[in-house]
Amino acid sequence: MDTCEKRRKILQVLQARARLTAEQIGDRLQLPAAEVAALIEAMEADGTLLGYRALVRPEAAGNGEVRAIIEVEVQPEREGGFDRVARAIARFDEVRDVYLVSGRYDLRLEVVGDSLQEVALFVASKLASIQGVKGTATYFLLKKYKEAGFVLEKGEEYERLKVSA
Amino acid sequence: MSGSKSPRERVAPHISCLPRSGIRDFFDIVSEMKDVISLGIGEPDFVTPWRMRESTIYALDHGHTGYTSNLGLTECRKACCEYVETYFGASYDPFKECIITVGVSEALDLALRALLSPGDEVIYHEPCYVSYAPTVRMAHAVPVPVVTREEDGFALRAEAVRRQLTPRTKALLLNYPNNPTGGDLTADDKAALARLAVENDLIVLTDEIYSELTYGERSPSIASLPGMHERTIFLHGFSKAFAMTGYRIGYACGPQDLIEAMMKIHQYTMLCACGFAQETAIEALRKGQKEMAAMRDEYEQRRNVIVKRLNELGLHCFMPKGAFYAFPRIAETGLTAKDFALTLLRRKKVAVVPGTAFGPCGEGYVRCAYATSMKDIETAMARIGEFLQEIRAGK
Ligand SMILES: Cc1ncc(COP(=O)(O)O)c(C=O)c1O
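Line by line, the protein sequences are chains A and B. For the first sequence, position 142 (counting from the first letter as 1) is numbered 142 according to our numbering, and the numbering increases by one without interruption. To convert a position in the second sequence, counted from 1, into our numbering, add 165.
Hints may be right or wrong, so weigh each one.
Claimed, not checked - Calculated lysine to any residue pairs in the SDA-like style (CA-CA distance at most 20 Å, straight line): (1) B:Lys540 - B:Lys455; (2) B:Lys514 - B:Lys540; (3) A:Lys143 - A:Glu23; (4) B:Lys452 - B:Thr239; (5) B:Lys452 - B:Ala547; (6) A:Lys143 - A:Leu161; (7) B:Lys199 - A:Leu161; (8) B:Lys261 - B:Lys455; (9) B:Lys473 - A:Lys143; (10) A:Lys9 - B:Asn469; (11) B:Lys473 - A:Glu23; (12) A:Lys162 - B:Lys455; (13) A:Lys9 - B:Lys473; (14) B:Lys540 - A:Lys143; (15) B:Lys514 - B:Lys243; (16) B:Lys199 - B:Lys455; (17) A:Lys146 - B:Glu425; (18) A:Lys162 - B:Asn469; (19) B:Lys455 - B:Asp285; (20) B:Lys540 - A:Ala120; (21) A:Lys162 - B:Glu377.
Stated by the list, open to error - Simulated restraints on C-beta separations: (22) B:Val363 - A:Glu153: 56 to 64 Å; (23) A:Arg57 - B:Glu551: 32 to 40 Å; (24) B:Lys243 - A:Phe92: 30 to 38 Å; (25) B:Pro299 - A:Val56: 24 to 32 Å; (26) A:Arg19 - B:Gly411: 46 to 54 Å; (27) A:Ile69 - B:Ser538: 44 to 52 Å; (28) B:Pro283 - A:Cys4: 40 to 48 Å.
Hint data in this document are derived by calculation from the structure and do not stem from the laboratory. Note that the Cβ used here is the ideal one computed from N, Cα and C, for glycine as well.
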């Protein structure tokens, strides 16, 4: 395995299970723990690894958080296209994700707030007033079925034979 | 009604003399117990990927519930032959050289029954899958095991086969990557066995059921080597790599006359393999590569962990090249494989399968399947650690 391959494999493991220790990752990939730790540190430093966060069942976090998907139509600019507006939007703490997308509108955001009013106010007073924003459409999220590959409702377990050939 | 035979006496001798599978013995004990962590399971812990299950549902929804042609759906045979050509480098005509079967189990049975006359001999390696010797016997032929050793990576050596050749030797049966050892054959091993088969005019049956689950370089199938097309029956299925054990679906590719002979048995005994399982198989072959690769990568990581742990515990363990089994040596504990497995099960509720279930030369080894969650693997290893300390302390 060259370094590139090692980094790729470590990232693959971390994307599925971020809480594994360097030693556990090393055991899985047949690499010394110290090497894994060093590679992770390097990837944290060079911005390859942006961060780690827990995926939590929404009601369990108990913070009454409200989330919305917002479509934003933007007037592109001669220099830089959508970049200036996208960066301006990304600065707000309320904004979790910002993507430039193909299709009917231009930017797709995910926004969080403590209440419907808070999110609505953010859209009206902050977002819509940014120069270059031509229009918005807000979709409040009502129920989550799957996030980042995890299905929220557990299906039933099917038990295999306990010993087989 | 005097002199009537007991039901037992009515059983045909070649069946009544078949031993009970060592796996069954264990199964009966384990099923009585609660909270057992089982490393004894020879099937994936993944459910069949949704992509495939969804295509089963589609087939059922559209009423595809009838018989198919005896050989199997044309599209399924085409998908199998394309796949074998792409990934195994052997080409077969889907119309004449391929048959869809009820698992590799049926494919193997068909091949043996089509080939063997009473008294013919079949050479194969031990340790091996539990069905090989009984399936040969049920075809009224003679199983001739050749011992494989850890020093050789459990590979079958051509010289060892040569010593067992007799005028009755008809076929050579191979399963690499291997259940239960995880051993594999190198390209050189395969070339030597192919040469031996050609020189001695043997048929080779190659059970490729674990081939996708090879960690690292995979050498070309023996079916693709020069002179082998006419003398190889290639057996494969979906149970392991595609996590489709319950679908009971597999296939065989080989020379037209042999497939034709197998088809005769199949048409009179099985009629055809399940149609919607065949449709699911098409989806697996043509679209299921990504899902399969994800499972394989996970098995590989588990292999690395379980083998490291076993060695750390002082149970010397060969690094398996494929399949999902670790085969650690337990001889140094002073226990037989069976006692090791039974005592471990009773004291620590961890199920492993004694190596002897796979042939007498499996003595001194146990099979630990790592087709189970990493969490269970870690817990099982901790319990085995405690167990070893107890026996080393003379308890
Ligand atoms: C080596 C080997 N061949 C064949 C089989 C049976 O496969 P199938 O489910 O396709 O009948 C198994 C199952 O454990 C196996 O290990």
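Status of each hint after checking the structure:
no. : hint                            : in the structure
1   : B:Lys540 - B:Lys455             : violated, 24 Å
2   : B:Lys514 - B:Lys540             : holds, 15 Å
3   : A:Lys143 - A:Glu23              : violated, 38 Å
4   : B:Lys452 - B:Thr239             : holds, 18 Å
5   : B:Lys452 - B:Ala547             : violated, 39 Å
6   : A:Lys143 - A:Leu161             : violated, 36 Å
7   : B:Lys199 - A:Leu161             : holds, 13 Å
8   : B:Lys261 - B:Lys455             : violated, 30 Å
9   : B:Lys473 - A:Lys143             : violated, 43 Å
10  : A:Lys9 - B:Asn469               : holds, 14 Å
11  : B:Lys473 - A:Glu23              : holds, 12 Å
12  : A:Lys162 - B:Lys455             : violated, 28 Å
13  : A:Lys9 - B:Lys473               : holds, 19 Å
14  : B:Lys540 - A:Lys143             : violated, 31 Å
15  : B:Lys514 - B:Lys243             : violated, 46 Å
16  : B:Lys199 - B:Lys455             : violated, 36 Å
17  : A:Lys146 - B:Glu425             : violated, 49 Å
18  : A:Lys162 - B:Asn469             : violated, 23 Å
19  : B:Lys455 - B:Asp285             : violated, 43 Å
20  : B:Lys540 - A:Ala120             : violated, 44 Å
21  : A:Lys162 - B:Glu377             : violated, 24 Å
22  : B:Val363 - A:Glu153: 56 to 64 Å : holds, 58 Å
23  : A:Arg57 - B:Glu551: 32 to 40 Å  : holds, 35 Å
24  : B:Lys243 - A:Phe92: 30 to 38 Å  : violated, 55 Å
25  : B:Pro299 - A:Val56: 24 to 32 Å  : violated, 52 Å
26  : A:Arg19 - B:Gly411: 46 to 54 Å  : violated, 33 Å
27  : A:Ile69 - B:Ser538: 44 to 52 Å  : violated, 34 Å
28  : B:Pro283 - A:Cys4: 40 to 48 Å   : violated, 59 Å
Hint check: violations occur at hints 1, 3, 5, 6, 8, 9, 12, 14, 15, 16, 17, 18, 19, 20, 21, 24, 25, 26, 27 and 28; the rest are consistent with the structure.
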